[in-house]
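**Q** In order, the protein sequences belong to chains Z and R.
If you're matching positions, the first sequence starts at 1 in our numbering and goes up one per residue.
If you're matching positions, the second sequence starts at 1 in our numbering and goes up one per residue.
Simulated from the structure, these hints should not be mistaken for lab results.
C-beta: ideal position from N, C-alpha, C; glycine also.
Wrong hints could be hidden among the right ones.
Okay, the calculated bits of chain R under chain Z, using three or more residues with CB under 8 Å as the criterion [what the hints assert, rightly or not]: (1) 82-89; (2) 103-111; (3) 280-289.
Straight-line C-alpha distance at most 27 Å; calculated DSSO-like pairs for lysine-lysine [said to hold, decoys possible]: (4) Z/K215 - R/K174; (5) Z/K254 - Z/K58; (6) Z/K324 - R/K273.
Here are the in silico distance ranges between beta carbons for each label pair [as the list claims (entries may be wrong)]: (7) Z/V213 - R/R268: 34 to 40 Å; (8) Z/R280 - R/D262: 24 to 30 Å; (9) R/A243 - Z/V213: 20 to 26 Å; (10) Z/N218 - R/G320: 24 to 30 Å; (11) Z/R367 - R/A243: 35 to 41 Å; (12) R/E248 - Z/A195: 55 to 61 Å.
2 protein chains.
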Amino acid sequence: MSRLHAVLAAIDEGLNASMERWFELLRMPSISADPAHAEDCRRTAQWLANLLADMGLKASVEETGGHPVVLAHSVDTMHAAPRVLFYGHYDVQPVEPREAWHSDPFKPEIRTGADGRARVYARGAADDKGQLLTFLEALRAWMQVHEGRPPFPVTILLEGEEEIGSPSLDAFLKARKADLQADIALVCDTNQWDAETPAITTRLRGIVHDEVVIKGPNADLHSGLYGGPVPNPLHVLARLVSALWDEEGRVTLKGFYEGVSDLPATLRRQWAKLGMDDARLLAEVGLKPPAAGEKGYTALEKIWARPTAEVNGMGGGHMGPGAKTVIPAEAFLKISFRLVGRQDPQAVREAFREHVRQHLPAGFTARFAEAEAGAPAIEIPEDSPPVKAAAAALEEEWGRAPVFMGCGGSIPVVGSFRHILGMDTLLVGFGLPDDAIHAPNEKYDLTSFHKGMRSWARIMARLAETTM
Amino acid sequence: MSRLHAVLAAIDEGLNASMERWFELLRMPSISADPAHAEDCRRTAQWLANLLADMGLKASVEETGGHPVVLAHSVDTMHAAPRVLFYGHYDVQPVEPREAWHSDPFKPEIRTGADGRARVYARGAADDKGQLLTFLEALRAWMQVHEGRPPFPVTILLEGEEEIGSPSLDAFLKARKADLQADIALVCDTNQWDAETPAITTRLRGIVHDEVVIKGPNADLHSGLYGGPVPNPLHVLARLVSALWDEEGRVTLKGFYEGVSDLPATLRRQWAKLGMDDARLLAEVGLKPPAAGEKGYTALEKIWARPTAEVNGMGGGHMGPGAKTVIPAEAFLKISFRLVGRQDPQAVREAFREHVRQHLPAGFTARFAEAEAGAPAIEIPEDSPPVKAAAAALEEEWGRAPVFMGCGGSIPVVGSFRHILGMDTLLVGFGLPDDAIHAPNEKYDLTSFHKGMRSWARIMARLAETTM
Numbered sequence: 001m002s003r004l005h006a007v008l009a010a011i012d013e014g015l016n017a018s019m020e021r022w023f024e025l026l027r028m029p030s031i032s033a034d035p036a037h038a039e040d041c042r043r044t045a046q047w048l049a050n051l052l053a054d055m056g057l058k059a060s061v062e063e064t065g066g067h068p069v070v071l072a073h074s075v076d077t078m079h080a081a082p083r084v085l086f087y088g089h090y091d092v093q094p095v096e097p098r099e100a101w102h103s104d105p106f107k108p109e110i111r112t113g114a115d116g117r118a119r120v121y122a123r124g125a126a127d128d129k130g131q132l133l134t135f136l137e138a139l140r141a142w143m144q145v146h147e148g149r150p151p152f153p154v155t156i157l158l159e160g161e162e163e164i165g166s167p168s169l170d171a172f173l174k175a176r177k178a179d180l181q182a183d184i185a186l187v188c189d190t191n192q193w194d195a196e197t198p199a200i201t202t203r204l205r206g207i208v209h210d211e212v213v214i215k216g217p218n219a220d221l222h223s224g225l226y227g228g229p230v231p232n233p234l235h236v237l238a239r240l241v242s243a244l245w246d247e248e249g250r251v252t253l254k255g256f257y258e259g260v261s262d263l264p265a266t267l268r269r270q271w272a273k274l275g276m277d278d279a280r281l282l283a284e285v286g287l288k289p290p291a292a293g294e295k296g297y298t299a300l301e302k303i304w305a306r307p308t309a310e311v312n313g314m315g316g317g318h319m320g321p322g323a324k325t326v327i328p329a330e331a332f333l334k335i336s337f338r339l340v341g342r343q344d345p346q347a348v349r350e351a352f353r354e355h356v357r358q359h360l361p362a363g364f365t366a367r368f369a370e371a372e373a374g375a376p377a378i379e380i381p382e383d384s385p386p387v388k389a390a391a392a393a394l395e396e397e398w399g400r401a402p403v404f405m406g407c408g409g410s411i412p413v414v415g416s417f418r419h420i421l422g423m424d425t426l427l428v429g430f431g432l433p434d435d436a437i438h439a440p441n442e443k444y445d446l447t448s449f450h451k452g453m454r455s456w457a458r459i460m461a462r463l464a465e466t467t468m
Numbered sequence: 001m002s003r004l005h006a007v008l009a010a011i012d013e014g015l016n017a018s019m020e021r022w023f024e025l026l027r028m029p030s031i032s033a034d035p036a037h038a039e040d041c042r043r044t045a046q047w048l049a050n051l052l053a054d055m056g057l058k059a060s061v062e063e064t065g066g067h068p069v070v071l072a073h074s075v076d077t078m079h080a081a082p083r084v085l086f087y088g089h090y091d092v093q094p095v096e097p098r099e100a101w102h103s104d105p106f107k108p109e110i111r112t113g114a115d116g117r118a119r120v121y122a123r124g125a126a127d128d129k130g131q132l133l134t135f136l137e138a139l140r141a142w143m144q145v146h147e148g149r150p151p152f153p154v155t156i157l158l159e160g161e162e163e164i165g166s167p168s169l170d171a172f173l174k175a176r177k178a179d180l181q182a183d184i185a186l187v188c189d190t191n192q193w194d195a196e197t198p199a200i201t202t203r204l205r206g207i208v209h210d211e212v213v214i215k216g217p218n219a220d221l222h223s224g225l226y227g228g229p230v231p232n233p234l235h236v237l238a239r240l241v242s243a244l245w246d247e248e249g250r251v252t253l254k255g256f257y258e259g260v261s262d263l264p265a266t267l268r269r270q271w272a273k274l275g276m277d278d279a280r281l282l283a284e285v286g287l288k289p290p291a292a293g294e295k296g297y298t299a300l301e302k303i304w305a306r307p308t309a310e311v312n313g314m315g316g317g318h319m320g321p322g323a324k325t326v327i328p329a330e331a332f333l334k335i336s337f338r339l340v341g342r343q344d345p346q347a348v349r350e351a352f353r354e355h356v357r358q359h360l361p362a363g364f365t366a367r368f369a370e371a372e373a374g375a376p377a378i379e380i381p382e383d384s385p386p387v388k389a390a391a392a393a394l395e396e397e398w399g400r401a402p403v404f405m406g407c408g409g410s411i412p413v414v415g416s417f418r419h420i421l422g423m424d425t426l427l428v429g430f431g432l433p434d435d436a437i438h439a440p441n442e443k444y445d446l447t448s449f450h451k452g453m454r455s456w457a458r459i460m461a462r463l464a465e466t467t468m
């Protein structure tokens, strides 16, 4: 591993130059949501393509119909090592409310906190410009030390529409499938557990939405003249919602837990040691224990590894000011289910629809929204070779083993890579919970940037030697 | 009772003249809700005051701050008979949608149906111009036959704001309390059971409203990142609503049934014979049995004589189109309770608030609307002297005993008479369920008008001899 040490030394020595490139990237206001910044997005893509070409990759700006994609390939493909696809996104969130920023969001500023830690403040400092550069700068140092050769055959894919839901990405992946083949994808867009503890995100919950309008009486009725014998759609809605959980907090839909497997004991133990107890998690949102949800699981386990049914919206009847004595003709419900393991989105939705139908009084009807596909959960086994390789590398750099984190939300690109390109994704990132991504005064710690680059160099060394 | 027969003969002979006065009253567009018709309301009030003066009463138009009140007193007060206050309202509902009318709403038209029954179509034909005239025209005939003497000391109070919630009435009753003293109030603004069966409405449910906003997390949360351990205000709302009833359909609020007495067996038997079974009542609103509500009661009993809890509106979270993965910070509920017997509106509201508080997870708060007074139920004992007198009179006219009806909604003036003037109200009316009051093509059957007048003459004769 003497060559790795040379790469790490090159990263340390090149830190100022890397930061200059980072700042230059941050000065480009590549706000994908704002059409006024379309040209800035294109300029950013071109700047990144130049950066990659300068590193020795074959790079191009590719049209998508929306903001362009930056695509780059290593030219030396004689390696026996696994092929890697690295994904990042160069677009950023809007900056509103602008007045809440302490410095210009597109003039990166280094400020040192009371804790002595230096941080770079700018829109995109972390998400995802800082994060994606940790990989690219590590790759640059690697190739510099290895006479222009990368650690493995590598493809770089930098998207410009992540913050607006990646409307063009899936079509691009399908059209360019052959160019994007790899053994594993790497994404640098997630967090560490905390400033001292690295993490690999191995579990992403899936999701399926549904929406229903329940129709009862043939018109809105006077609640005095009809109240009592006439079933009220709002009562029906309340009953079918509250019947979604049993006394143990388990979702009652038929077959809901099919495909849900128990959390490995090692993971439960690791998570239990993180200090995130129910009181701490609930305090974040202004509440106190006991937590809601399934009995027998910690709050963290519920978010990272257990499925849920969550009502996102409901209503009916008189919703304006004051009183109105009405039994409404209908009521609506919007719901989503977070999925884990091998839960099937379609089966869950169908079980929900059956639950609704079974709660309808005689003469009631239910009108469901058009069924969307939903997304199954993603789980990368913690003992799979790439995860083990990355874990060992992170432990070397940080002096402690990474946490295998879950993510309660979904990261759509990971599903796209699995379903379109047929590959798993290794999610390693160096963001911190206080980075304020999507918010005013976004920042990225200088140590995140520096040790992030070093972490990637170590991961590169290990992945290059991993058989997948 | 020979003088009664002379009164009935005078009514029969004077039918055409009575109808002319009715039509003249109907031609005045006294729409209280529309400021453009304020002058029409005043003109109608003056017309009625002239009518009453012409009959031999001391009549005046009285200012209220809103549309005026017509007030009239009999001048001959030497009677030993009970004093009577008759109430009606001369204002009418708007006519929209105008295009749905088959004739001009303010040009009364007689049309004979396929069933051979003649009906008068006009806004207010029934509600309340036709109905109030049945009493006034009967009184006119009585006084005509009795040398100008009424059957009892009588005060006439005709309001012009009933269709807009009687905003000025209570203040007027309080200010003129001394002028309005009587032993009983008569109101002609209710229905018969059907075209052949007269009715006395002896039970009006009371009502109390409440409204609450439940506040949970300190902000709207991402349902992926927090879904599971964080209590969702919409779930809390659904649970507390569905917990309002037990398996038997009984309201679970503490002390809710205090003051609710069993329905007399005679009344249950009478109602059971009316042919209004659950299937027929639910079919009216497009539904089928089984009915909702308390087990062990018919649909009619539930509406006329049992209390309810009815959600009139609720909502929270994402209510617009499409999906949004949110756990909302709050949710709202609007509810009303229909009351019977001696249920106390304040106690019911307080029990509801306690129920809400008991369902709140730790850290949640509930913000209730400002408490309004609510209205207790009204029940006039079916065996009280005025009800018995009216029942006997109606049976004489119609050849069958009247139904003692309940009314699921409230008639606020009845509560005002009880609470401000300290008197009970006898509710006798000749409307039919198909009169289309408040709707296009409102009508009043000619037999309702004619037999209504005859009914009042008979009631006058009996009430004059009743000791209260």
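**Q** Indicate, hint by hint, whether the structure satisfies it.
**A** Comparing the hints with the structure gives:
Against chain Z, the stretch 82-89 of chain R contributes 0 residues with a C-beta closer than 8 Å to a partner C-beta. That does not satisfy the three-residue criterion, and the hint is violated. Figure legend: the stretch 103-111 of chain R, annotated as covered by chain Z; annotation inconsistent (0 residues with Cβ-Cβ distances under 8 Å, at least 3 required). With 7 residues having a beta carbon nearer than 8 Å to a beta carbon of chain Z, the stretch 280-289 of chain R meets the requirement of three or more and the stated coverage holds. With a C-alpha separation of about 45 Å, the suggested pairing of Z/K215 with R/K174 is violated against the 27 Å cut-off.
Pair hint Z/K254 plus Z/K58 does not hold up; C-alpha atoms about 52 Å apart against a cutoff of 27 Å. Taken as a hint, the Z/K324 and R/K273 pair is broken in the structure, with Cα atoms around 33 Å apart against an allowance of 27 Å. At about 38 Å, the beta-carbon gap between Z/V213 and R/R268 stays in the expected band of 34 to 40 Å. Between Z/R280 and R/D262 the Cβ separation comes to about 55 Å, which falls outside the hinted range of 24 to 30 Å.
For R/A243 paired with Z/V213, a C-beta distance near 24 Å keeps the hint of 20 to 26 Å intact. In this structure the supplied range 24 to 30 Å holds for Z/N218 paired with R/G320, their Cβ-Cβ distance being about 26 Å. The hint said 35 to 41 Å for the Cβ distance between Z/R367 and R/A243, and at roughly 27 Å that hint is violated. Between R/E248 and Z/A195 the beta carbons are some 59 Å apart, a value that agrees with the proposed interval 55 to 61 Å.
Hints 1, 2, 4, 5, 6, 8, 11 from the list above are not met by this structure, while the remaining hints are.
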